[in-house]
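Take a look at the letters that make up each chain.
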Amino acid sequence: MIFHHLILRVVTKILVGTIILFALYVQFHGDFSPGGGFQAGVIMAVAFIIYGIVFGLTAVKKVFPEWVVHKTLAFGVLIYAGTGIATMFLGYDFLDYDAFSPAHPTVGQHWGLLVIEFGVGVTVTGVMVAIYYAFAGRPPSISDEDW
Amino acid sequence: MSKLLDLQFLAGHAHYLLFIVLMMTGLFIVVDKTNLVKKIVGLNIFQVSVFMFYVSIGKVTGGTAPIFPMDDKYHVDKEALVGIAYSNPLPHVLILTAIVVGIATTSLGLALIVRIRESFNTIDEEDILHIEQEMTRDDNRKYGNAMGGLA
Amino acid sequence: MGYFELDTMTAIYAAMLFPLIAMAGNMVFAEFKNVRDTFTLLCAGLTFGSVLVVLSNVGNSITTPVSLFNVFPGVDVAFNVEPLGLMFALIGSGLWILTHIYGVGYMRGNNEKHHARFFACFCIAISSVIGIAFASNMFTLFLFYEILTVSTYPLVAHKGTPDAIRGARVYLAILIGTSIALQLTAVIWTYVLTGTLDFTQGGILDGKVAGWIVPVLLGLYAFGIGKAALMPFHKWLPAAMVAPTPVSALLHAVAVVKAGVFTMLKVGIYIFGIDFLAQTEASEWLMWLAAYSIIAASVVAMFQDNLKKRLAYSTISQLSYITLGMALATSMGVLGGAMAIAMHAMGKITLFMCAGAIYVKYHKTEISQMQGLGRAMPITFAAFFIGSLSIIGLPPLGGSWPKFLLMVGAADTGHYIIIGVLMLSSLLNVAYLLPIVGRAFFLPAPEGTPTKFAEAPLLVWLPPAITAIGCIVLFFYAGALQEFLTPIVSVSP
Amino acid sequence: MADTAVVAEHTLRTFKDHLPVLQVLVPFCTAPLIVLLGSRRLAWPLAFIASATALVISIMLMWEVREGGYVAYTLGGWAPPLGIEYRVDAANAFVLLLISAIGTVVLPYAYISIKDEIKARDHTLMYACWMLCFTGLLGMVVTGDAFNVFVFLEISSLSTYVLVAQGAGRDRRALTAAYDYLIMGTIGATFFVIGLGMLYMATGTLNMADLADRIADQGANRTVRSGFAFIIVGMGLKVAMFPLHLWLPKAYTFAPSAVTVFLSATATKAAIYVVMRFTFSIYNPDFSFTNNTLEIIFAPLAIIAMFSASFVAVFQTNFKRMLAYSSVAQVGYILLGISLLTETGLTAAILHMFNHGITKALLFMGVGAYVLRSGGAFYTQIAGLGRKMPITSGAVVIGGLSLIGVPGTAGFISKWILVQAALERAPDNAMFLAIAVAIVLSSLLAVVYVWRAFEVLFLQEPDPNSTATEAPLMMLVPMWIMAGACIWFGFSTEHLYEFAAQAAQGLLDGSQGMMISTGQGGAH
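Chains V, W, P and X, in that order, give the protein sequences. Start counting the first sequence at 1; every next residue gets the next number (the working numbering). Start counting the second sequence at 1; every next residue gets the next number (the working numbering). Start counting the third sequence at 1; every next residue gets the next number (the working numbering). Start counting the fourth sequence at 1; every next residue gets the next number (the working numbering).
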């Protein structure tokens, strides 16, 4: 835990929340304005990464443990695929969102898109954070046996 | 092309030229540099050139971002649509995928480099090559006379 | 007896199956040698029995092919019976019984290792011989031809000594090499040209091809059938002599080499057709090559001191008789060749078994060491004597007929030089075979050579004695045999 | 509940329509599931169930297209050419079957081999990667959208790099092998994308069938041609086409045995399928440039590969590496079959894809078993194991014979048909006679390198203090399934042959081949 760089830490603490908020905005606004899962995911990840950079890996791992990261990224993919499977169970093609409200396809598309974008967002967040952990979490030189 | 150097033609295809230049730069780095990380960088430049190529395909002169103008109730307002040219979104979408793939490749490559660094203590191709030749020589010293008789 | 009411195809399959059962038995009873060997003997008997059933059912008529299964459109694994194949099957399975008895005696008397593996591979070889004999198209024949090659490799390399391995390598390299590089090409080419591979009376190529292709194709076949040991692809035969004698006896005097010349005859008769060969004169060169092989091999044989090597070279020259018979492209020649298969088999196996007997008893391989051994092993050497006379082709021994027929065939086609060649080769045979017997009986035995009667074990000297008698018997049944074989040359409507 | 019953009934009715997407979806969902559960005990069963399901699906697909025609499926209900379309005809049904069958048979084997060769903590992720690789390969083959091919290609490649790198536990050279493969593979994939971009410029579509039509309409122009060049080179890297094969031997040698088995039997095959699809269906083979590429570039390269790679294989001292080189040579056969441009030739190529798949899988499995028992694949390490591990070695012998192409084995059939194809063209061009001879001669080299292995295995004396025993049953069963397949398809090939011919026809019909529709898939 690093105790210097007061300004950095204060600013970060303020920023992280905002970043997450913005990420959520991009996420859920993505289906009718620029944005979407990919961008939102990366932004969300940025929140954690900046936290990690400033407060150290151990701190951020307390907030967002590594195993949770792995589950998250797997879970996002499942949300995505699950949506498709759901449409299939409703008797439509894979990922045919009309299934969700056959009466008003637009609405169906809207919801479907929202869900899968959420899945994408979750996955991207997970992946980005995972990559950050993977590289940041490695002491520079370590013998092959003990890791 | 009557003229030897058709400037108009070149100007018209500037983005292709740029794409080619970038691509060649990338490839050259991949082939020439012995530092594994630099190779990855070269690979990235190479891929980026392709992304640019795709994006440039999608451009429609005077086209704008392909998003329907909406009124406050999130309904497409028909009259705003009139006379708007949209760029072709498909290449951009494709490239979004390609970019993601690129990121995955890069991070995987870097991860491999980290491991290589850990087990070879170098990220320079030449040195690694020497080490590996040494290993092969050891193998042959240990098992080399295993020709199972003359073939 | 219900057993004889087996229908022909079942009998054929049975004949191919029993050896495999025997193989399985060898694997299972690997440890109990008596059980194992009796079991194998039983299977050998049954195999011979089933072939006899085929004989009694079919006689010397030619049955229509029955397809076992279709491999891919236009090519299938199918079998039929025709006199030549039936004769080959009879020889193969019949002599297997004797050789097995002999083999048991030899392997035990010589205390070789890995009996089970040895006999197992032996069984596979026999099974594929039966397959070759009854194959009704070139594909099937080629299939079993290759299985035979692969299954005999472990037998040749059996001793596992470096030179055994080297010999086995030569064996494999030449046989696989020729068959894949040349024969396979020829077969596929034939298939592409004619769209069929079935053996049909009068050949399938007639009218399909002409000009330069015919000799080329014949060449691909003639050299591709490496087992026929046509020069220059004969080296494998001497090389394979590193194998234990039973192998040399059955496989390199009967099964393998005869499979080669048998294939050669089949190709000549049923793929090209004698008349087609005759009119295109495509086989002219092959005839001369065969003639050359006959003389050259005999000459080489004269200078071999190792008994088995000498016999090997003599085999090479004898095989070329059969190739010659095919190349003469006359019915007489072909008949001669066909008969030579039987006669030579009988004679040569005798000689090899005798050689083995000598080795088992006194571990002598070089002819020069065998002086005066005749007093110790009279029966063996008597058998050897008869065998050599049969090879030379003197009446009253089986070997005389094929030579006679070949000469007639040569006379028909007006190749009088060939007659001379045959004469000469007989003289050469005399020159390289009889001295062995002569030395054994009449020359004074050097120090250390036992002189009082001490034969090899019963199991080892009995079989050659039987085959020797067989040589004499065959002389009197030659006519019948010729009768039996005639259908193969009479072009059916 | 009533409506669930309705839903269930509805689902059953439409299950058949969903086959194409399920083929990919099942393994695709399994991968994250394995990670999510994160249980070492559940990972393998899940993977196995997924592959088995994929196998069943591929068989059902094959059954649907056996009469020719195709099954189409539109993703998200967007009609092609706009939406992504999955389209299965005889050709890809065949490859799908090969891949899923191999995947299913290899997994039980992999269970032991992976346990032995890889640290326990990596197992779950390992199987997840395996599933992703499986997904990618199936996807490459099943999809009817050109860009989708690239996506799946990358999915499979990325997971492949990871899988190869797993060999680092035994030999650190696996890392560099994976790295080299990554660099080359990425360049190849990117070339492929450039090619697609050019196609898109020229035609404005990425749907294969649509592409085929438009190219047929507008004929060859410079963009289309250069696109072809990029695609062929890009895929050539993945196929390990002769001069572009450098990554293969190293990757196959140092990857974990199970991974090598899986990759050698499937990865190159999927890439070859893509090459076939592009050269024959999308680029109409009547185009002179397609023709020339095949006859002037593919054929010579293939022949060089057949000889040079086999020749190198002869002098290897490591069984695994030897087999890797022979793989390069065998790819040569397949490409040669493609370059003959006749239906027989293409049939031979497709058949050889299949036969070589099972043969190589069998042989590499054998190597894996030896590695498991004697700790290495060098000839000195496996010397005399033929007596210590008779059952394994028996299977290896069958595989070796099939690799040589001895009659009675699968390898013989495809070689036969290949030679036949060459000879059929001999009358109009004597060069093909030479090619036929080249094929048989190169298989003689196969005799040499295979037989060396046999002699080492059976004729050399085993190391006295080696404790090698017979491989465990879970390895033997898959091996003998493959061995049985080698024998079976060496004798009764007719159905396989007819299907391959069917596929070849479909491919050779070019754009028309993709137009004939009998089975229309897709719900509603």
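One or more of the hints may lead you astray.
[As the list claims (entries may be wrong)] List time: in silico DSSO-like cross-link candidates among lysine-lysine, alpha-carbon distance up to 27 Å:
1) Lys208/P / Lys159/P
2) Lys388/X / Lys142/W
3) Lys119/X / Lys61/V
4) Lys33/P / Lys388/X
5) Lys142/W / Lys119/X
6) Lys71/V / Lys119/X
7) Lys250/X / Lys115/X
8) Lys113/P / Lys388/X
9) Lys250/X / Lys142/W
10) Lys33/W / Lys250/X
11) Lys38/W / Lys250/X
None of these hints come from the bench; they were simulated from the model. None of these values were measured; they are calculated from a predicted model.
Given pair status - Lys115/X, Lys250/X, alpha carbons within 27 Å: This hinted pair holds, its Cα atoms lying about 22 Å apart.
Pair hint Lys119/X and Lys61/V, alpha-carbon separation not exceeding 27 Å: holds (25 Å)
Pair hint Lys250/X and Lys142/W, alpha-carbon separation not exceeding 27 Å: holds (19 Å)
Given pair status - Lys142/W, Lys388/X, alpha carbons within 27 Å: holds (22 Å)
Given pair status - Lys159/P, Lys208/P, alpha carbons within 27 Å: Violated, because 48 Å separates the two Cα atoms, which is more than 27 Å.
Satisfaction of hint between Lys388/X and Lys33/P, Cα-Cα up to 27 Å: Holds, at about 21 Å.
Restraint status (C-alpha distance of Lys113/P to Lys388/X at most 27 Å): holds (16 Å)
Proposed proximity, Lys250/X with Lys33/W (alpha carbon, max 27 Å): This hinted pair holds, its Cα atoms lying about 21 Å apart.
Given pair status - Lys119/X, Lys71/V, alpha carbons within 27 Å: holds (21 Å)
Hinted pair Lys142/W and Lys119/X, Cα distance within 27 Å: holds (26 Å)
Pair hint outcome, Lys38/W versus Lys250/X [Cα-Cα no greater than 27 Å]: At roughly 22 Å apart (the allowed maximum being 27 Å), Lys250/X and Lys38/W satisfy the hint.
Going through the hint list in order, the structure does not satisfy hint 1, though it satisfies all others.
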